[in-house]
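Engineer: The lines below spell out each chain.
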Amino acid sequence: MTDAARPVEQSVPAAAPASLRRIMVPIVVFAGLAIAPWIAQFGTESFILSLLTRVMVLGLAALSLDLLIGYAGLVSFGQAAFIGIGAYAVGILASHGINGIALQTAAALAASAIFAAITGAISLRTRGVYFIMITLAFGQMLFFLATSLAAYGGDDGMTLPSRSLFLGYDLLDSDRALYYVAFVTLGLVYLACRMLVASRFGRVLRGARQNPVRMQAIGFSPYRYQLVLYIIAGMIAALAGVLLANTSEFVSPATMSWQRSGDLIFMVVLGGMGSLHGAILGAIVFLLAEEVLAGFTEHWHIIFGPLLILCVLYIRGGITPLIERTRP
Amino acid sequence: MNETRSAPMTARMTGPLLVLDHLAKNYGALKVTDDVSLTVGATELHAIIGPNGAGKTTLIHQISGLAQPDSGRILFAGEDITPLTMAERAAEGLARSFQITSILPDFSVLENVALAVQGRSGSSFRFVRNASREEALNAPARVILNQFDLLPRADVPAGLLSYGEKRQLELAIALATRPRLLLLDEPLAGTSHEESARIIATLKGLKGTLGILLIEHDMDAVFQLADRISVLVYGRIIATGSADEVRNNPEVRSAYLGEEAA
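In order, the protein sequence lines correspond to chains B and R. In terms of the numbering used here, the first sequence has 219 at position 219, counting the first letter as 1, and numbering is strictly consecutive. In terms of the numbering used here, the second sequence has 234 at position 234, counting the first letter as 1, and numbering is strictly consecutive.
Derived from the structure by calculation, the hints contain no laboratory data. A hint or two may mislead.
What the hints assert, rightly or not - What the simulated footprint calls covered on chain R by chain B, stretch by stretch (three residues with Cβ under 8 Å from a Cβ of chain B suffice, anywhere in the stretch; the number is not a length):
{"#": "1", "stretch": "84-90"}
{"#": "2", "stretch": "98-109"}
{"#": "3", "stretch": "117-124"}
As the list claims (entries may be wrong) - Pulled a few chain R residues facing chain B out of the computed Cβ check, cut under 10 Å:
{"#": "4", "residue": "Gly15"}
{"#": "5", "residue": "Ser64"}
{"#": "6", "residue": "Asn112"}
{"#": "7", "residue": "Phe127"}
{"#": "8", "residue": "Val128"}
{"#": "9", "residue": "Ser132"}
{"#": "10", "residue": "Glu135"}
{"#": "11", "residue": "Leu137"}
{"#": "12", "residue": "Ala139"}
{"#": "13", "residue": "Pro140"}
{"#": "14", "residue": "Val143"}
{"#": "15", "residue": "Ala176"}
Just so you know, these numbers come straight off a predicted model, no measurement behind them. Ideal Cβ placement from N, Cα and C applies to all residues, glycine included.
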């Protein structure tokens with residue numbers, strides 16, 4: 001369904017390999033993530049596992065943002081706020097002795113849905129640059145609210161007393177268990193999103209991205225659909241926040257900084273908008289490149305920045321269409 | 001059973017389908033719509049002609065809900081639809097085509113029409129089932145594509161169609177919403193001779209099955225198709241009547257037809 005791949009299909013008669021390559025990318029990505037812990041045991045296992053768990057968690061957040069950017073054309077610059085809501089739901093409840101992951105997740109989803117419904121109802125009345133700015137403003141609003149929560153660490157954030165409990169058991173204390181919880185969550189959400197974008201609901205959004213006036217002329221008012229999507233995307237990002245808090249065992253306002261929102265946009269663009277697995281691939285490449293460069297020099301930003309610019313300039317449409325277009 | 005009656009007769013029995021009641025709109029000092037009142041019967045084809053800048057497209061925008069009139073009312077099937085949004089009016093059975101082709105270029109031809117069918121077939125807040133495999137949407141869409149000779153092109157991305165095919169698709173999308181009234185904004189604009197002949201034939205086939213308000217510059221087409229013609233000049237309707245009445249109206253001749261000839 002990527003825009004770039006479509007005309008290519010037209011000119012190349014062998015359409016079957018193209019569609020095969022399209023499902024190959026997510027299969028390879030998920031298979032790689034599934035066996036990574038097995039490979040990790042030959043290296044510094046806990047480091048690799050925690051890095052890859054972080055990759056999958058931010059991949060989940062990038063996936064939620066791809067729903068907005070890639071399928072509805074809504075460039076939100078405040079998606080990290082929802083990660084923050086998820087993380088703080090875990091942190092605040094844990095500090096009051098509520099450690100059950102079910103209750104923490106329910107609180108995270110409810111809070112993010114309410115925040116998304118209110119901010120989305122306002123933001124979605126604007127378009128283009130104004131939408132970017134207003135989502136950024138709401139994100140910053142929440143960021144400064146978090147810094148002012150003195151009871152919950154304020155600026156400094158707070159360390160979790162423990163990871164979340166599953167039905168009273170400390171199953172998530174094992175890095176490997178947490179890894180697979182993140183893996184399964186990412187896989188299930190990915191499949192659910194695949195269905196969502198192909199459904200009637202998803203088709204209305206994809207249509208409205210191309211031509212909102214035409215959609216109104218055939219009886220759809222895009223606003224209602226976009227608002228529901230904004231809420232869904234916010235809840236997925238909050239789910240990522242719940243997992244992120246458990247991964248780092250630490251919650252701070254930095255979880256929802258505007259830089260994080262920018263990183264997420266970058267992951268989506270880098271991986272290829274509007275393919276879902278592209279966002280996950282973008283997160284993998286982005287975070288691993290960051291990790292590798294930081295290993296070379298502490299001034300890694302100086303290399304990383306230009307590298308990102310080159311990527312945007314030379315691989316238009318992102319990594320995923322690039323792979324799908326390459327003839328074997 | 002409508003076929004046995006003349007269109008005005010039907011209109012008299014059930015009231016007109018569309019009533020514009022003293023519609024007015026200004027852009028600054030420019031009166032773009034100046035006290036326009038007209039009716040379209042349930043099975044009537046009513047054409048609006050007028051020189052460029054007469055306010056024809058702005059009038060269609062107000063009827064479809066893309067623009068709001070400053071004053072006056074729009075009645076559709078007896079109901080005041082002036083406060084309704086464009087999407088709500090479409091859901092009531094008021095469809096339109098655009099002068100500048102307005103399709104979904106990334107979607108296939110079939111999906112463009114199937115989405116219009118979806119607009120009138122139950123809720124679109126369905127999240128699981130693959131919409132492009134829903135036969136309940138695709139089957140009616142294929143019937144309409146066949147009617148417009150577009151069935152062989154069903155799987156082609158709409159953005160890759162020829163200009164004439166896009167004009168056909170534009171009509172097919174409007175018709176797929178099962179409208180009671182069709183607002184057509186220059187459906188023949190920019191088409192070749194064969195393409196416009198094909199579209200005229202399609203419109204002749206539709207005529208009598210629903211109300212049509214047609215804006216068109218092609219005089220031959222208008223005189224062939226229209227039951228009644230209204231002439232719009234500087235936002236005002238200066239004459240309404242049959243083809244012959246309009247053709248022989250001295251005011252129309254000086255204001256419009258004369259200009260064209262010169």
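Engineer: All the hints need checking, so say for each whether the structure fits it.
Structural biologist: Cross-check of the supplied hints:
{"no.": "1", "hint": "84-90", "verdict": "holds (count 5)"}
{"no.": "2", "hint": "98-109", "verdict": "holds (count 7)"}
{"no.": "3", "hint": "117-124", "verdict": "holds (count 5)"}
{"no.": "4", "hint": "Gly15", "verdict": "violated (24 Å)"}
{"no.": "5", "hint": "Ser64", "verdict": "holds (7 Å)"}
{"no.": "6", "hint": "Asn112", "verdict": "holds (9 Å)"}
{"no.": "7", "hint": "Phe127", "verdict": "holds (5 Å)"}
{"no.": "8", "hint": "Val128", "verdict": "holds (5 Å)"}
{"no.": "9", "hint": "Ser132", "verdict": "holds (7 Å)"}
{"no.": "10", "hint": "Glu135", "verdict": "violated (14 Å)"}
{"no.": "11", "hint": "Leu137", "verdict": "holds (8 Å)"}
{"no.": "12", "hint": "Ala139", "verdict": "violated (16 Å)"}
{"no.": "13", "hint": "Pro140", "verdict": "violated (14 Å)"}
{"no.": "14", "hint": "Val143", "verdict": "violated (17 Å)"}
{"no.": "15", "hint": "Ala176", "verdict": "holds (8 Å)"}
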